[in-house]
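Line by line, the protein sequences are chains A and B. With this note's numbering applied, the first sequence corresponds to residues 1 to 419, in that order. With this note's numbering applied, the second sequence corresponds to residues 1001 to 1310, in that order.
Simulated from the structure, these hints should not be mistaken for lab results. Mixed in with the good hints, there may be bad ones.
Within a straight-line C-alpha distance of at most 25 angstroms, the following computed SDA-like cross-link-like pairs (lysine to any residue) qualify [to be verified]: (1) B:1175 <-> A:119; (2) B:1043 <-> B:1063; (3) B:1299 <-> A:233; (4) B:1295 <-> B:1283; (5) B:1052 <-> A:43; (6) B:1175 <-> A:123; (7) B:1295 <-> A:195; (8) B:1074 <-> A:44; (9) B:1135 <-> A:278; (10) B:1295 <-> A:204; (11) B:1137 <-> A:275; (12) B:1043 <-> A:122; (13) B:1052 <-> B:1175; (14) B:1299 <-> A:279; (15) B:1137 <-> A:352; (16) B:1299 <-> A:135; (17) A:243 <-> A:131; (18) B:1052 <-> A:128; (19) B:1175 <-> A:187; (20) B:1063 <-> A:131; (21) A:271 <-> B:1175; (22) A:172 <-> A:242; (23) B:1175 <-> A:134.
Predicted, not measured: the structure shown is a model, and the values here were computed from it.
As a plain string of letters, each chain reads:
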Amino acid sequence: MGLVRFVVQALRCALSGGIAYRLWLAFLVALAAWGGLAYVDQIRHGLIATNMRDQVSWAFYIGNFTFLVGVAAAAIILIIPAYVYDWKPIKEVAILGEILALSALVMCMLFVFVDLGRPDRFWHLLPGLGTLNWPMSLLAWDVLALNGYFVLNLVIVGYLLFCSYNRRPYNKHFVVPLILISIPAAISIHTVTAFIYNGMAARPFWNASILAPRFLASAMCSGPAILLILFQLLQRTTRFEIKDEALWKIAEIMAYAMFVNLFLLGAEVFKEVYSSTEHIVHFNYLFFGLGEHGALVKYGWTSVLCSLSAFLLFIVPATRRHPVTLNLGCLLIYIGVYIEKGMGLVIPGLTPDALGEIYEYAPTLTEVRIGVACFSVGFLVYTVLTKIAVAISLGDLTRDTVPGLAPAGQAPKPVTADA
Amino acid sequence: MSDVVKHGRDSTSADVGQGMPRREFFRAAAGTAAALLLCGCDKDAINAYLQKRFQELSPDEVKAVLARLERKYKAKFGKDVTVSAKPARGGVLFGYGLDLSRCIGCRRCVYACVKENNLSRQPQTHWIRVLEQEKAKGVDLEDANPYYDPETVPRDGYFYIPVACQQCRRPPCTKACPVKATWTEPDGIVVIDYDWCIGCRCCMAACPYGARHFNWGEPTLPPEDVNPSMHYLGNRPRPRGVVEKCTFCIQRTRDGRYPACVEICPVGARKFGNLLDPQSEIRLIMEQKRVFVLKSELKTEPKFYYFYSL
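Pulled out of the complex, with its shape left as it was, chain A reads as follows (with noise of 0.2 angstroms):
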């Protein structure tokens, strides 16, 4: 019974707000629709309406999979110093990392599905009902993977909120194990995500050791990012405490975890310009283009250069503090990472395919709509959920208030694990 009242007084909180707040959802709503229409095309027409063909299989769906796989990882750089370091600024926020990791694993999921050529034999996957070919196939491991990560994300947020919300302390027995379960776990789904290419004989691109490690450490950026941003916009519409010092402390690791991205991939580059083999191929398409064939060359450097001038604004303590220059690292370290982990993984992989052939691949209208309904179901997954969870940390909504009448005014409450 508590359980059902929660649910829909969380939905009830969630549905009500300011006039920014619901023309935010009405925008997201309606993004959501103008991409699903698209998607209705895809399933008349088949995967034809995408450019994807046989020399470039995968391309705007999986990049996009891949990336947000980073940032759902990329929660445990909250975790980590919150409760494996008992670090107070971080622990009052570390909530919402775990529900952007929530958003971004629906968000993987959905790319995922958009890409199958038969979604309605999606129930193929899954276990018990179709046959996994577990453990051969890496996809079958991320499958596991990313549902185990989101269940304990699921029952981390949910029980935490719960507790608050029926102003009693939770069980720390219960909830701390799962959090520290939740790092490895976290490490583990971006490492199975890039193993799944790193597998790949046919593709040298792909087929580098250090493709795992760099994923990892991108993600230690990319998700950050976001989260900054995030924050500075709670900081401002509500009366949730966020230290600016939490946000310092997470520049300065995402500054460090930059370095080791670009320094694995100065390595990387070294490996293949020095021994120029003909798996440099892969490397050239991206940043030189082959012959008349140049359409990734200006992300590829796009990624380098926004990657390198962010790391340079974080790792000086006074631009990562000053909020113009901090926002503006945050962007671009998410549009490097977004390039560098999204199609510039996938397409220069892929590009001259296996018997040598270059097909240039640009995704279609109907491609980037429906990836545009598919961040918009995560943006709208992560502002319910963060507005619930405002809510209930501020004391606004608990099992005692009454639908309708103004939240009662205790003090701010913040949702962590040290009761």
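Position chain B relative to chain A; hints supplied.
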């Protein structure tokens, strides 16, 4: 209240626990749900949706599936077809030989394959890709041209490398498939269950030979061009959204015939036979010529051998 709940739970658990295994129960539940969704559709459509993986079908279920497919293709193309599921013969491991010194790049094999295997005419799917290669460079796929179009072949200074599924002994594609929709048959043919494939295309990314092809759009096949002699794992018409590839003409070779590409080749560049039979032509070639495989460094161990006879 609690009595009702308890009673309800008891009766369900009895049904589920003793009546059928969990997996069957889920299937039945999914079946009911699907039936409700598809109540407009006929029984065949529902059965097709709920069909199990080919390797898990009982002999009776295979018969029912084949009969259903024959009905379906007859309705679609307006002529009688046979869909067989003839299994591999014991003591047979198929192997292929391709004589690079004889191939003239005429692509007759490509089109014989299209006809034999009911390949989609629009969008065009080819299981064989013939690469034109400069003689001065030797086998160097990075410089190969699949779109050569001179007045006559062979062009001076060039030679030709036809590539199709290499039927690897250690196939990276079957390993990558998340749902076991593709596997190696006992006679060495790597096959796909088109009715189980989910279209994720992991196998295509994993294949080092570009041998796997996806049905991006609805495959089309003029009824008059349909080859009515079909195999479940081979040349039956594929649906949209699944992967397909060369099967060594499984519908012919399991009946003791040559693949269509071997039969059509005007210069006798294509050889085929049983690798386990020391008297076979393919074994003779391996004995008397020197064979090589594409991308041997990847250790895929193809059963598709290239050689130079001249």
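Okay, the hints, checked on the actual structure:
Under the criterion of a C-alpha separation no larger than 25 angstroms, the hint pairing residue 1175 (chain B) with residue 119 (chain A) is consistent with the structure, at around 21 angstroms. Taking the CA atoms of residue 1043 (chain B) and residue 1063 (chain B), the gap is about 16 angstroms. The hint holds against a cut of 25 angstroms. Of the supplied pair hints, the one linking residue 1299 (chain B) and residue 233 (chain A) is violated, its CA atoms being roughly 54 angstroms apart against a limit of 25 angstroms. With a CA separation close to 21 angstroms, the supplied pair residue 1295 (chain B) and residue 1283 (chain B) stays within the 25 angstroms bound.
Proximity of residue 1052 (chain B) to residue 43 (chain A) is assessed by CA-CA distance (about 23 angstroms); at most 25 angstroms being required, the pair is judged to hold. With a C-alpha separation of about 20 angstroms, the suggested pair residue 1175 (chain B) and residue 123 (chain A) falls inside the 25 angstroms cut-off, and the hint holds. At most 25 angstroms may separate the alpha-carbon atoms for a hinted pair to count; residue 1295 (chain B) and residue 195 (chain A) meet this at roughly 22 angstroms. Simply put, residue 1074 (chain B) and residue 44 (chain A) have alpha-carbon atoms about 24 angstroms apart, close enough for the 25 angstroms limit, and the pair holds.
The straight-line distance between the Cα atoms of residue 1135 (chain B) and residue 278 (chain A) is roughly 19 angstroms, inside the 25 angstroms bound, and the hint therefore holds. The hinted pair formed by residue 1295 (chain B) and residue 204 (chain A) meets the criterion: a straight-line CA distance of about 12 angstroms does not exceed 25 angstroms. This hinted pair checks out: residue 1137 (chain B) and residue 275 (chain A) have alpha carbons roughly 21 angstroms apart, not beyond 25 angstroms. Our distance criterion of 25 angstroms between C-alpha atoms is met by residue 1043 (chain B) and residue 122 (chain A), whose separation comes to about 21 angstroms.
This hinted pair checks out: residue 1052 (chain B) and residue 1175 (chain B) have alpha carbons roughly 20 angstroms apart, not beyond 25 angstroms. Simply put, residue 1299 (chain B) and residue 279 (chain A) have alpha-carbon atoms about 17 angstroms apart, close enough for the 25 angstroms limit, and the pair holds. Taking the CA atoms of residue 1137 (chain B) and residue 352 (chain A), the gap is about 18 angstroms. The hint holds against a cut of 25 angstroms. For the hint pairing residue 1299 (chain B) with residue 135 (chain A), the CA-to-CA distance comes to about 21 angstroms; that is within 25 angstroms, so the pair holds.
Distance restraint check for residue 243 (chain A) and residue 131 (chain A): the Cα-Cα separation of roughly 49 angstroms exceeds the 25 angstroms cut-off, and the hinted pair is therefore not satisfied. Of the supplied pair hints, the one linking residue 1052 (chain B) and residue 128 (chain A) holds, its CA atoms being roughly 13 angstroms apart against a limit of 25 angstroms. Of the supplied pair hints, the one linking residue 1175 (chain B) and residue 187 (chain A) holds, its CA atoms being roughly 24 angstroms apart against a limit of 25 angstroms. Note on residue 1063 (chain B) and residue 131 (chain A): the hinted pairing holds, with a Cα-Cα distance of about 22 angstroms set against a maximum of 25 angstroms.
A threshold of 25 angstroms between alpha carbons decides the hint, and for residue 271 (chain A) with residue 1175 (chain B) the separation of about 29 angstroms lies outside it, so the pair is violated. Between the alpha carbons of residue 172 (chain A) and residue 242 (chain A) the distance comes to roughly 23 angstroms, so the proposed pair stays at or under 25 angstroms and holds. With a C-alpha separation of about 10 angstroms, the suggested pair residue 1175 (chain B) and residue 134 (chain A) falls inside the 25 angstroms cut-off, and the hint holds.
Checked against the numbered hints listed earlier, the structure breaks hints 3, 17, 21; every other hint is satisfied.
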